[in-house]
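Take a look at the letters that make up each chain.
2 protein chains.
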Amino acid sequence: MSNPAAPHSPIRHLDALLASLRGSEGALSLVRSLCDDVGPRYPCTPGDVAAVAWAKERLREAGLANVRSEVAPAQLWERGAESCELLLPRRQPVVLTALGGSVGTTGAIEAEVIELGSLEELEAAPQERVAGRIVYLHHVMPRRRDGTGYNAGSLVRTRGPSLAGKKGAAACLVRSVGTDSMRAAHTGALFYEPGVAQIPSAALSIPDADTLHRHLAAGRTAHARLVLECKPLPVGESANVLAELPGTDKADEIVLVGAHLDSWDLGTGALDDGAGCAIAVAALRAMAALPARPRRTVRVVLFANEELGIGGGLAYARAHADEAARHVAAMEADQGDGAPWALRVPEGARDGALTRLLHESLAPLGLELDAGPSRGGVDISPLRQLGVPFVDLRQDATRYFDFHHTVNDVFDNVSPVDIAAATTCFAAALWVLANADERYGEAAC
Amino acid sequence: MSNPAAPHSPIRHLDALLASLRGSEGALSLVRSLCDDVGPRYPCTPGDVAAVAWAKERLREAGLANVRSEVAPAQLWERGAESCELLLPRRQPVVLTALGGSVGTTGAIEAEVIELGSLEELEAAPQERVAGRIVYLHHVMPRRRDGTGYNAGSLVRTRGPSLAGKKGAAACLVRSVGTDSMRAAHTGALFYEPGVAQIPSAALSIPDADTLHRHLAAGRTAHARLVLECKPLPVGESANVLAELPGTDKADEIVLVGAHLDSWDLGTGALDDGAGCAIAVAALRAMAALPARPRRTVRVVLFANEELGIGGGLAYARAHADEAARHVAAMEADQGDGAPWALRVPEGARDGALTRLLHESLAPLGLELDAGPSRGGVDISPLRQLGVPFVDLRQDATRYFDFHHTVNDVFDNVSPVDIAAATTCFAAALWVLANADERYGEAAC
Numbered sequence: 470m471s472n473p474a475a476p477h478s479p480i481r482h483l484d485a486l487l488a489s490l491r492g493s494e495g496a497l498s499l500v501r502s503l504c505d506d507v508g509p510r511y512p513c514t515p516g517d518v519a520a521v522a523w524a525k526e527r528l529r530e531a532g533l534a535n536v537r538s539e540v541a542p543a544q545l546w547e548r549g550a551e552s553c554e555l556l557l558p559r560r561q562p563v564v565l566t567a568l569g570g571s572v573g574t575t576g577a578i579e580a581e582v583i584e585l586g587s588l589e590e591l592e593a594a595p596q597e598r599v600a601g602r603i604v605y606l607h608h609v610m611p612r613r614r615d616g617t618g619y620n621a622g623s624l625v626r627t628r629g630p631s632l633a634g635k636k637g638a639a640a641c642l643v644r645s646v647g648t649d650s651m652r653a654a655h656t657g658a659l660f661y662e663p664g665v666a667q668i669p670s671a672a673l674s675i676p677d678a679d680t681l682h683r684h685l686a687a688g689r690t691a692h693a694r695l696v697l698e699c700k701p702l703p704v705g706e707s708a709n710v711l712a713e714l715p716g717t718d719k720a721d722e723i724v725l726v727g728a729h730l731d732s733w734d735l736g737t738g739a740l741d742d743g744a745g746c747a748i749a750v751a752a753l754r755a756m757a758a759l760p761a762r763p764r765r766t767v768r769v770v771l772f773a774n775e776e777l778g779i780g781g782g783l784a785y786a787r788a789h790a791d792e793a794a795r796h797v798a799a800m801e802a803d804q805g806d807g808a809p810w811a812l813r814v815p816e817g818a819r820d821g822a823l824t825r826l827l828h829e830s831l832a833p834l835g836l837e838l839d840a841g842p843s844r845g846g847v848d849i850s851p852l853r854q855l856g857v858p859f860v861d862l863r864q865d866a867t868r869y870f871d872f873h874h875t876v877n878d879v880f881d882n883v884s885p886v887d888i889a890a891a892t893t894c895f896a897a898a899l900w901v902l903a904n905a906d907e908r909y910g911e912a913a914c
Numbered sequence: 470m471s472n473p474a475a476p477h478s479p480i481r482h483l484d485a486l487l488a489s490l491r492g493s494e495g496a497l498s499l500v501r502s503l504c505d506d507v508g509p510r511y512p513c514t515p516g517d518v519a520a521v522a523w524a525k526e527r528l529r530e531a532g533l534a535n536v537r538s539e540v541a542p543a544q545l546w547e548r549g550a551e552s553c554e555l556l557l558p559r560r561q562p563v564v565l566t567a568l569g570g571s572v573g574t575t576g577a578i579e580a581e582v583i584e585l586g587s588l589e590e591l592e593a594a595p596q597e598r599v600a601g602r603i604v605y606l607h608h609v610m611p612r613r614r615d616g617t618g619y620n621a622g623s624l625v626r627t628r629g630p631s632l633a634g635k636k637g638a639a640a641c642l643v644r645s646v647g648t649d650s651m652r653a654a655h656t657g658a659l660f661y662e663p664g665v666a667q668i669p670s671a672a673l674s675i676p677d678a679d680t681l682h683r684h685l686a687a688g689r690t691a692h693a694r695l696v697l698e699c700k701p702l703p704v705g706e707s708a709n710v711l712a713e714l715p716g717t718d719k720a721d722e723i724v725l726v727g728a729h730l731d732s733w734d735l736g737t738g739a740l741d742d743g744a745g746c747a748i749a750v751a752a753l754r755a756m757a758a759l760p761a762r763p764r765r766t767v768r769v770v771l772f773a774n775e776e777l778g779i780g781g782g783l784a785y786a787r788a789h790a791d792e793a794a795r796h797v798a799a800m801e802a803d804q805g806d807g808a809p810w811a812l813r814v815p816e817g818a819r820d821g822a823l824t825r826l827l828h829e830s831l832a833p834l835g836l837e838l839d840a841g842p843s844r845g846g847v848d849i850s851p852l853r854q855l856g857v858p859f860v861d862l863r864q865d866a867t868r869y870f871d872f873h874h875t876v877n878d879v880f881d882n883v884s885p886v887d888i889a890a891a892t893t894c895f896a897a898a899l900w901v902l903a904n905a906d907e908r909y910g911e912a913a914c
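If you read the protein sequences in the order shown, they are chains A and B. Following my numbering, the numbering of the first sequence begins with 470 at its first residue and continues without gaps. Following my numbering, the numbering of the second sequence begins with 470 at its first residue and continues without gaps.
Since the hints were made in silico from the structure, they are not lab data. Ideal Cβ placement from N, Cα and C applies to all residues, glycine included. One should not assume that every hint holds.
Okay, the calculated beta carbon distance ranges per label pair [stated by the list, open to error]: (1) B:Gly-532 - A:Asn-620: 45 to 55 angstroms; (2) B:Glu-579 - A:Asn-620: 38 to 48 angstroms; (3) A:Glu-579 - B:Glu-698: 42 to 52 angstroms; (4) B:Glu-579 - A:Glu-698: 16 to 26 angstroms; (5) B:Glu-698 - A:Ala-687: 33 to 43 angstroms.
Covered by chain A, according to a simulated footprint, are these stretches of chain B (three or more residues, beta-carbon under 8 angstroms) [claimed, not checked]: (6) 613-622; (7) 649-656; (8) 689-696; (9) 879-892.
Pulled out of the complex, with its shape left as it was, chain A reads as follows:
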């Protein structure tokens, strides 16, 4: 598509890029294909292998160069069958799912359930209250546009099991870290502290957790019968997938955009992070179709194994440490299909010329300049200590945690309008970063 109007942006071809993405269903088609043709892609499953092949093919079709994969270790784990009944004393089957990395129950565990409202309360609880019981952690995640309610919630999920294990708990249950009211439990990684007893741990669906909470809040007792057949497995090998849109006069400088190709096993990873992969690939495909190449090289990395150990992100940082200084900016799309509402730039760079240019380019798309410094995403986080500057597009996460890490993370819950908006914003930001005279940081060669 061409843009007949006079160009508004000092960055050449930016107007044409935005025009080509107007009303585009590029990202939507990509995420549909990833869900339908590949499906769930937990590391080292057949879905993961298929996803790597799918990604390479899509990146080649997009007209990108140097399409390749790089080995990334992945912590393997298998969910298996799982079930839970609450005994109130009437038997009520409830929906739960094991936390990623959890050990199984070896048969069934049946014990009294005690509720604690926070990690602090668990820390303060006397050992004799906890020992032999099932700890239920009732932390309620708030719905917020910026998704920051997830931070405290995921801390309860990752740290709770070891804290309960230290006090001799038989198992640990958490209220799902999510914002919905569906009988779908939210999985997510836990972290077993070295040297602490590893206890079976799972998330209850929010309605089931709240039923349990109301029951216990009324001063009644509850028991639970828990079967988790999950088991940690040895480390395996998955792969990051990389491709590039080669630059021209500043080809040595790299603008990176990342997303992660792996997903939890429960849904098809449509939002987490199929949407991010689709946004990145569709943005680069639109750039590759422009009549000229960017000044800097734009690299897309579809990371392996974000969910349980950041295997792909750590492998990339290790493998590319020697060229870290050439990374002049890194972005990540890992908040689903959310339409971006704000731009965040590196600490100290808020008043600079490049930020002004970025903000002027993104303001017409509805973005404000955020007061805080950029933080990057999980996959690119290992690049921080190598001095790589991050640029964030803050994506609207209002609905994201309704589906995140559940069976409902499927294509039907992707918003066509939002994912198109996100693609346009990422493309605009990447194109400005790849073509501006200025760059962030001191790291560039």
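Got chain A; can you put chain B on it based on the hints?
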């Protein structure tokens, strides 16, 4: 609560009744208790027995008279374990649930899946295309305020299995009759035509059905592997629960309000029809707390076994046939927590004085007078041929079919504001019908 303002309504105590329900959480508390303290209540399960006891206790607490139960036969059925994998050819586990009344698979069924868009298409399909295959019926239910999209959808679900069975299909799958985008399948009764082969039948969750549909629409083939351990059981005995607010000068005339106490096994029947039971009980409790009794007797019936055979509704009509002529109006609350938006009265009664009075009483609550005639609900439908006039409050069903007949039919999905609005409207309509000089129909003694 008292209403200090001058009365607006010609019906005495109506203003006080509405004032007492303003901001009331009566129905909300009742449905919470039914979900938490009783839970799922499929006929003749322990939950059903507990529900009958719970209902009697609540009706007595509400200050009602003649609290009693009456035997109602119930068609029993057991769901058991169920699972399905699509073979596309990659194996994808999908979410499905057996249709109520379905036979099981006796082991696993594995066969090719063919899609048909409607009952008409299935009717027209050559036998050799259907025989030995799994029929998938792709009917998409539209979201509508009045919920009428359910009519055509439930016809596909009830009739599809026998139509497919006649042509020798191995099994029948339907797209869930619902409006959501969650991995939660919608169950619901099927109807096996006498003399036709009974084939295992189930509903796929909407995202899974649409994945299958996109796959087949692309011209690919699909197989499915299906395990349904459900089985029909002998007829059992459940119970309708009745209570009355006795009338005064017209005590022989009965104004009936019904809802059904049974629920499917998957959720806790919060919306279908815990909400209706709560609305009816809360409305009668508020009337019983008024300083005077109504002129006519108001009878609440919490019906047994609506979901699979209308056992309770048929038993009530049989047992009360001799007093049918004393039923001057019957209403039913079986559209969840929906706030009513319209009043519907019997054919020919639209211009009468009672309709005017009803409409004047309900218009301030936001209700319009519907052009069509009243239809009643499923439970009271057997009273139609006995000449009982129906009065409908049309409840907003926009969200109802997101949860209906699924695991997500739980307390968390009840809207506190909507169920309070519905309670107020039902109370107002019942109080007018019980106190007006006029009555509908010729049936009264």
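Now the hints, each set against the structure:
A C-beta distance of roughly 51 angstroms is found between B:Gly-532 and A:Asn-620, which places it inside the suggested range of 45 to 55 angstroms. For B:Glu-579 paired with A:Asn-620, a C-beta distance near 46 angstroms keeps the hint of 38 to 48 angstroms intact. Under the hint 42 to 52 angstroms, the C-beta atoms of A:Glu-579 and B:Glu-698, about 24 angstroms apart, miss the expected range. Between B:Glu-579 and A:Glu-698 the C-beta distance comes to about 24 angstroms, which sits within the given range of 16 to 26 angstroms.
In this structure, B:Glu-698 and A:Ala-687 meet the distance hint of 33 to 43 angstroms, their C-beta atoms being roughly 35 angstroms apart. Beta-carbon proximity to chain A at under 8 angstroms applies to 0 residues in the region 613-622 of chain B; the threshold of 3 is not reached and the given coverage is violated. Residues of the region 649-656 of chain B with a Cβ under 8 angstroms from some Cβ of chain A number 4, which satisfies the need for three, so the listed coverage holds. Under the rule that three or more residues need a Cβ within less than 8 angstroms of chain A, the assignment of the region 689-696 of chain B is violated, with 0 such residues.
By the rule of at least three residues with a Cβ nearer than 8 angstroms to a Cβ of chain A, the coverage given for the region 879-892 of chain B holds, with 4 such residues.
Hints 3, 6 and 8 from the earlier list are contradicted by this structure; the remaining hints agree with it.
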